[in-house]
Every structure is written in structure tokens, then in C-alpha cells.
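What follows is the residue order along each chain.
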Amino acid sequence: MYSFTRRRLIVVLLLTSVLLLTLDRSNSGLVGGVKDAFGVVFRPVERFANVVSRPLSNVWRGVLDYSDMRKENLALKDLLVKQEGAAIAATASVREAQELLALNGLPTLAGIDSVTAQVVGQSPSNFTQTFELNRGKSSGIRVGMTVTNGAGLVGKITGVTLERSVVMLATDPEYAMSVKVGACTRPKATTTAVPQTTTTLVSDGSTSPVTDVLPTTTTTSTTSTTSTTTTVLQRATTTTIKGFTPFATTLPPVPGGGGVTQITVPETGVLLPRETGAMEGQGIDRLPVIRFIQTSSRLGELCEGVPVVTAGGSQSLAPADLVVGTVSRVVTRTGTSGPLLEVELAANLQSLNFVRVLLYQPATEIPQ
Amino acid sequence: MKRFFAIIESPLTRAFLVGFIVLSFQTTLFNTLRPFSVVMQVMLLCSAASGVAAGSESGAIAGFMFGFMYDMVLTSPFGLSALVFGFAGYMAGGVNTFAYSPRWWFKMLSIGISSAAAVLIYPAASLVVGVDGLLQTRVIGVAFTVGLFNAAFALPAVFLMRWALVKSKKQMLWAE
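Protein sequences, first through last, are from chains A and B. To convert, note that position 261 of the first sequence is 1538 in this note's numbering; the numbers rise steadily by one, no gaps. To convert, note that position 169 of the second sequence is 174 in this note's numbering; the numbers rise steadily by one, no gaps.
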């Protein structure tokens, strides 16, 4: 039977829990302060425990992970060789894109300061997915800032102390981010761009106008003096990367080349439309999903493999065009709910070591 | 000075110190050892062991304290672990109601079941406070593994918590 003391004890503990939960959910600064103070006292003890238990951890890892690690090491070496060449080409492309963005006065990721931090701890819970970093407020990190690694989006900062910060991974059920996803391209049988060219010649009238132009790079003109060529391009299919359509390369005017000026106008549909949706984490062992994407004639067909990038915007915690990953599965749903897209994150969240915290805050988050 | 030593030797202080040290190993050693990708919950083990060692009330209070300490290092809703661990301690303490002097296997069973129950309750409780997405089928596997591990290490944990919470064999804290 329940005694009065027993009942009172249960009630007191329950009420205390409710009080703590209420304080936490109302974002009270008290909870953060208490946690910070506890962290200051606990950190040295934890460090000591880490030193003491390290040999045992190493034995555990050695026994269970050695063969996997050898295989992984060989696979990574192979991958590294393949990636080296691609990385050089990608760097050149990124630089070119950044120059173009800067030239047009558009914001770029290169203009955002960042802090490199090391992952020093992991959540001991089976439910939450967080990592601890060795940098905090003193390095300029604030709650809400985006965390990336070399591959792409990792998560966001959810807690900061003076020298430490906590990162919530993008796969955590509480994580949400506005993202953009594009329609997929459909490669055609031909491997070259087929331009439809209309050439207007302003000449002395001695020759007939040229109306047939070879693909993109060569404009055959028998006329002399100044000419203006307007090229309407169809979808180029020189790449197999889904969701990526390179524009036709328009060569700059060659000095002394007769003064030919080319104006490239992409045909409607060459600029692939992008739809914005909300990416939400689904927990451990599950891929994040994108909701609120509507299939429309404007967007075209959604397919696997298309890249997903952050949407950005005045209220988004992440800047625009940060790589998130690729669509791994499209789940069509009946009714007006729209399709559900599963996202394979570009960053490998299982083996994080060094990450980059973007010191980016939208205007709405900056304290006045 | 006598008062100081009395405070130091009090069961609550000892339990706090035990919890503090166990928490440091929870966040380091047991965070690394992940059999079947499941983190072993030694704080939960200590909570349940408190109940078996010192009764339901002591188990509830000690479990609440351990959960509260665990909440300090987690990003999950503050107070949720305290609530669930307190429940685990209380539930495990029920073994003393069923048997005057429970056998070793009964203690193991009690700790294993209460730990597994706590793991199952945690995502359900988090759903109540507005954190959805944790209640998945994976939880069953996690609960089974945690329950098995905690049952395996139940006896040393009960010994430790008896040292912390019970002044002597006959004299229990918060005895009825």
C-alpha cells in the first residue's frame, strides 16, 4: 500500500520534473546557466576519466574495428587517387562561379567568415544526435550558426559555452532547414548542344546573311566588318550529372577577330527551376526528408540524384547554396501533400573530426 | 567540523559523488563502447540499482538525481532523464516489495526490466513534451540491449549503490 510519505515523494519528484521541463521548453536562461556551471566543474573530471579509460577504448576499437578499418583505409586510398583530379577541376569551377557571383554583386560563401573546430565529444544518449566542438563563444560562435565540413552541411549550433559548443546533426529529429531542390535533366541521344541560330548581320550587303551556325564554339561567317550573333541554345547534354546543365561557353571576343559579339540567350527550360522545401531530420539510421515540395509543371520531374542545397533567405540560419546532399529516393504521395524526398547527406556524419562553423547570422538573429 | 563530516558522509553526498564519477565514464568510455551501435546507459543502471539496494523511495530520489546530472550533459529536454530515471529507480525498488531478501537473479531481472522500460518510456515522454521523431522501431532493440547490459552488470552496481545509499545493512535511508 502507498503511504503518505511515498505518495508525497512521487508528487514532489513529478512536479519538479514538470517544472524543469517547463523552464527548458520556455527557453529560460536559467537552464543554460546551470548547465554551463555544471560543465565548468564536470569538464576536468571528464578529462581525467577520458585519460583513464582511453586504453580500454582503444582495445575495444582494436578488437572490433581493425579489419573494417583496414578495408576502409584501402578503399579510401583508392578514392583519394580518383578524387585528386576531380578536386582540381572542381576548385577551378568553384572559383569561376565565385568570380561570376562577385561580378554580379551576388552573395557567395567565400565572403562568409568561418571557424574551424575539432569534434571532441559525442552525445552519450541513444536518442539525440549531437557533437561537441572545442570552440565556443570566444571564437565568435553563436547559437544557430551552421556547421559544415569539406563535403557539405553537418548541422547547426544549439548550445554554446565560452570554449565549447554543441552541434545538432542534420539527421536529428529536431533539425529543420529550408532547402532547394532542382528538377532532373533528361539527357538526349546527342552529345553536343544543338543551337538554333539567328544571325543578323550588319554588313555592307555584299554577301548573304549566314543562318547556319555550328555548335556553340564556332561561328562561321564569311562576312567582314562588325556582326552581332544572337544564339538561342537548347539544353546542352555534354554532362551526365543530374540536375546540372552547363551553359554554352561563349568565347570572349578575340582581339582583332573581326569584332564579332555573341549574346547567348538560354532557351526557356535551360535554367532549371528549383523548388524550395523543408528538410527535416528523421533520427539515427534514417535519412532526412524534404517536405512541402509540390510537383508542378514549372518544376518538372523530380528524380533521384539531383543535388540539394540550402535555400538561404533573410530568415534562414544558413546562407544560400550550401551543399546538403543528393536526393536518394522520391516517395510519391497521393492527394495534395506532394512528394517526399529522402536526402543522402554529402557529409559523412559517422566520422567527423574537423568541421567549419560559418560565422553567419541572418539579420533577424543579430541582437540590436 | 563534525557537521562537515556528517554532510560528507551522508548518503546523498555519496550518491552525488558516485553519480558524478559514473557520468564522467558515461560520456567517455561507455560512449565509445557501443555494442550493436547502442550506448550503454550506466547512469540508468545506477538509478535502477539504487532502487534494488535501498528501496523504491531511495531509488526514485537517487534516480532523479542521476537523471538530473545526465540532463546537464544532454541537449534533450531538461528534466526528462530525471523523470525517467526516477521512474526506473522506483520501479526497480519494487523487487523489495515482492521478496524480503531477493535472490541475485531476481535483482538482475528487476534492473534489466526497469532499464528496458525506462528506455521505452523516454521517447514516449519526449513526445509528450513536444519532441517527436524519437519513437521508432529501433527503440525496441535499444531497450533490449540496454536491459541486457544492465542486467549483466546489476550485481556490482547494486553493491556500489548500497555502499553509497545505505549506512549499514539494517539501516536504510528514507526507510518506511
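Certain hints may be false.
Claimed, not checked - Label pairs and their computed distance ranges (CB to CB):
1. Arg1302(A) x Gly146(B): 27 to 35 Å
2. Ile26(B) x Arg1606(A): 17 to 25 Å
3. Arg1302(A) x Leu22(B): 24 to 32 Å
4. Phe158(B) x Asp1342(A): 17 to 25 Å
5. Arg108(B) x Asn1411(A): 42 to 50 Å
In short, the hints are calculated from the structure, not lab data. Here the structure is a predicted model, which means the values were calculated and not measured. Ideal Cβ positions, reconstructed from N, Cα and C, are used throughout, including at glycine.
Evaluated hints:
A hinted range of 27 to 35 Å holds for the C-beta pair Arg1302(A) and Gly146(B), which are about 29 Å apart. For the pair Ile26(B) and Arg1606(A), the supplied restraint of 17 to 25 Å is violated, since their beta-carbon distance comes to about 46 Å. At roughly 31 Å, the beta carbons of Arg1302(A) and Leu22(B) sit within the given window of 24 to 32 Å. The beta-carbon spacing between Phe158(B) and Asp1342(A), approximately 23 Å, falls within the hinted interval of 17 to 25 Å.
Separation of Arg108(B) from Asn1411(A) is about 48 Å and conforms to the stated range, judged on CB atoms against 42 to 50 Å.
In summary, the structure is inconsistent with hint 2 from the numbered list given earlier, while agreeing with all the others.
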